[in-house]
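Using the sequences provided together with the hints, build the complete structure.
Protein chains: 2
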Amino acid sequence: MVARLKFYGWGREGEGLDADERAALFRFVADRFGIEARTVEAPREADITLRASRLTAPAALADVLTAEPYERLLHTYGKSFPETVRAFAGDFANAPDLVARPRTEAEVAAVLDFAATAAAAVIPFGAGSSVVGGVEPRVGDTWRGTISLDTRRLDSILEVDRTSRAARIQAGILGPALDAGLKPHSMTLRHFPQSYEYSTLGGWIVTRSGGHYATLATHIDEFVESLRLVSPAGVMETRRLPGSGAGPSPDRLVIGSEGALGIVTEAWMRLQDRPRFRGGAVFGFPDLGAAAVAVRAVAQAGLYPTNLRAIDNAEAGTYGVNAFEETLVILGFESADHPVDAWMARAAELLADHGGRRHADEAAAMRWRTAFIRMPYNRELTVPLGLINDTFETAITWERFDAFHAAILAATNAAIVEATGVAGTVSTRFTHVYPDGPAPYYTFNARGASGPQGAKRRIEQWTHVKAAASDAIIAHGGTITHHHAVGRDHMPWYRQQRPALFATALAGAKAAFDPGGILNPGVLVP
Amino acid sequence: MVARLKFYGWGREGEGLDADERAALFRFVADRFGIEARTVEAPREADITLRASRLTAPAALADVLTAEPYERLLHTYGKSFPETVRAFAGDFANAPDLVARPRTEAEVAAVLDFAATAAAAVIPFGAGSSVVGGVEPRVGDTWRGTISLDTRRLDSILEVDRTSRAARIQAGILGPALDAGLKPHSMTLRHFPQSYEYSTLGGWIVTRSGGHYATLATHIDEFVESLRLVSPAGVMETRRLPGSGAGPSPDRLVIGSEGALGIVTEAWMRLQDRPRFRGGAVFGFPDLGAAAVAVRAVAQAGLYPTNLRAIDNAEAGTYGVNAFEETLVILGFESADHPVDAWMARAAELLADHGGRRHADEAAAMRWRTAFIRMPYNRELTVPLGLINDTFETAITWERFDAFHAAILAATNAAIVEATGVAGTVSTRFTHVYPDGPAPYYTFNARGASGPQGAKRRIEQWTHVKAAASDAIIAHGGTITHHHAVGRDHMPWYRQQRPALFATALAGAKAAFDPGGILNPGVLVP
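Protein chains in written order, with the working numbering: chain V, 1 to 526; chain H, 1001 to 1526.
Check the hints yourself; a few may be wrong.
Covered by chain H, per the in silico footprint, the following chain V stretches (three or more residues, Cβ under 8 Å) [claimed, not checked]:
no.: 1; stretch: 62-70
no.: 2; stretch: 338-347
no.: 3; stretch: 424-437
no.: 4; stretch: 478-489
no.: 5; stretch: 512-524
In case anyone wonders, no lab produced these hints; they're calculated from the structure. Model, not experiment: these values are computed from the prediction. All residues carry an ideal CB built from backbone N, CA and C; glycine is no exception.
Encoded structure:
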């Protein structure tokens, strides 16, 4: 029996940072922001008053729909900063009226039918790892109720094709179960987003999730061979094809659709053999600008490293990797087929040629990686302390990177001071690199308001910083999201980014799948 | 002054096979089909009676629109088998009433405005290399006229970004001009479809063109960083981004849209450095089945060869490479950055481990490649001889390949006998290989009807074979096209392949771009 997912934070009940990790986090908060550490009780179900459910499950769906309080709490929020603040403040005003946990595609269709009849909005929910307001039933007053549709009972690997290296997998499976199920076949999806443990295949597909690997196939987009989607207008299944030129790709319309077109129920996914050969190295550079030039050289060399992560001085320092003295570049290659020496040698040579100083050991990479995986657990500790902490990510072509980066840093730092009165921290890494540009990922921390109105005020402060950073991203040519998705939080900037004609075209497409507009209202369309 | 494009065949007037190439082609036709070679005069403009143009160009577009007979003839057809038969039979019944040759985006928009006012259909035309009926103004009787919109005057490289390795390029540029324009910057698009000399960037984008290279980025899809499109509803421009997760990709809706949504006027394209290091080898296998297993091993090894082409016994024999005794696999690596020895060594080892016999020299590869590039010139010689010759291409996952291939061969061979009474030839190669499956490319030859009604009858015979092959492709799980596009010829099978909901969604999207439905009617939608 595994523990339940927390409804107010990352992971399952009982999980979290260990004593050492917690001490290090509290030290950072104290040293940098003068906030004294204290442990705050997590919100308790019994203390939260939920609005009475406005919907009644029909008898035929008694096993599928529930109004059980824990389920309604769990399905109120994703894991964003403002959502966590509101959870700790006991604000669950937008809790769904019902939670659907279908076990079959037929039950998914039945839930959609019920919702259409009941004039209820349906908010698809994988495992709730959204950090962009993608799963909160914040849909306005025009609906008679809301249903959060949780796909996690659709969790089977249905077919494995060893020859073509592909598998037909239900969309609600979590990362670890997926990998465990493929291991006996000596294969892996090899898609490891930071949310891996508590996010689903279907969630990855509809949010264009980015994996851990730096180059080549890292967005989930490339791994989808075909998919099935249940919409109010019926089922759509695409053909399993390694490649096609028959019109615009139907898969690509669904990939990134964030539940606005239908519920992805299963997909044939392209797999890889499990890596057997590895190579890695860590390089130091004076700053991110110098590292960027070196990383670009490797990204454009046709070597396709699995890791090519740049971590700026501030970020390396924050996570205790070194003393804020240099930017790290973590290089890695993996292969299931051949030793990677020739690949490593040339990439290392390129980094050295561009001024990189090779570290004697890879400990820095390992320390950073551990901190990275554990990072989502921080929030339930820092939110009660009044720390404002968030991340945002984007992509930009190389020739604009220096000016873009300077503008983002300036806007974010200034907004933190405007909002909070004191300076915060902003640090940067490259999570992914393409031949034509990097995907920079920014982390900021600020000392938020305290006192009785603290929660409300901290959300206002966060909103100010988030808006300034997002405005700067759009003004300087970036994308409002590289792999976190649009959700509700990014809609104002997505509206600026997307071409107007595409918005109309997407609305036209949505009308075909979801004529009643019941699916995830407010996300992507209009 | 370059010669004009032929309106009845491949390339420019005066170009064609040399004496040796012609002799070899005639020998094949005589030996295999007992058809005696003779040279037939090409159709002459003066001998063809065109219907009077139903449209009158407005004065403001006098420099853009023309009803000049040669232009109307050139824009009647692509380069497919049935189109060439009809051209040689003097049948230009579907000639466009006007040909538009805009020099600016404003002129493109003005042509669309005029067409809407005049109730005329607009058929986008790059350089007319379509082999699927994509450019013929065959749009039925509901229009007051037809305009073929030729983009070739939009032929400039507008901006080059060396740092991000990208360029902003107008859509009407031909392959050689594009490559020549990038050469001073030491870069290349490195996209070489067979039609390269006489096809345009915009044509490649809207047909999801496949390049010469076997693995990794070979479809034009991956090279598009952003694009601009002019539609009746206005201009759409997407943002230059190396990667994005902000909703479904707007670019991917346009890529493959075959002129049904708008006219692509320019695109930022991802470029590569020009290769400096090369390695290659040729391997022999007993048959295509054995070669497929070996090719799969290389395709799944993460080595990404530039060439990994399997050419079956019949095809190798047809083009004089060897005496029908084996299937060839042509392996190649290229890099702008590093020697490719380690890559070559491992791929060669994999091919050898799977039973490949390495040839002493690479002459076979070069002979095949030369024949391949010259192949489109054959048609104007073989059509007048009554030979039925065509190609079709698809993709299928590896685990289904053997059964799929057997079914396609059986259906095509049987249909040739049904249609013509005698056996023909069907040969196969893999043009592209993916980790999850190959893209097989089939070539067939048959002895067609002769006599006064020969042309009409040969098109019926071709139609029978084409339908049988296409039925088999759809029935056995393939795609109706891997890189030739849908056009008008593939529509019956595209309708079976595409999910019904996607068809409705695409129609919804088209209504946004092209509310009057004037763009390339009959292609993709409905």
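These are the hints, each one checked on the structure:
1. Check result for the stretch 62-70 of chain V against chain H: violated, 0 residues qualifying (beta carbon to beta carbon below 8 Å, three or more required).
2. Under the rule that three or more residues need a Cβ within less than 8 Å of chain H, the assignment of the stretch 338-347 of chain V holds, with 5 such residues.
3. For the stretch 424-437 of chain V, the stated coverage by chain H is satisfied: 5 residues place a CB nearer than 8 Å to a CB of that chain, which reaches the threshold of 3.
4. Restraint check on the stretch 478-489 of chain V versus chain H: 9 residues with Cβ-Cβ distances below 8 Å, three needed, restraint holds.
5. For the stretch 512-524 of chain V, the assignment as covered by chain H holds, since 3 residues bring a beta-carbon within under 8 Å of that chain's beta-carbons and 3 suffice.
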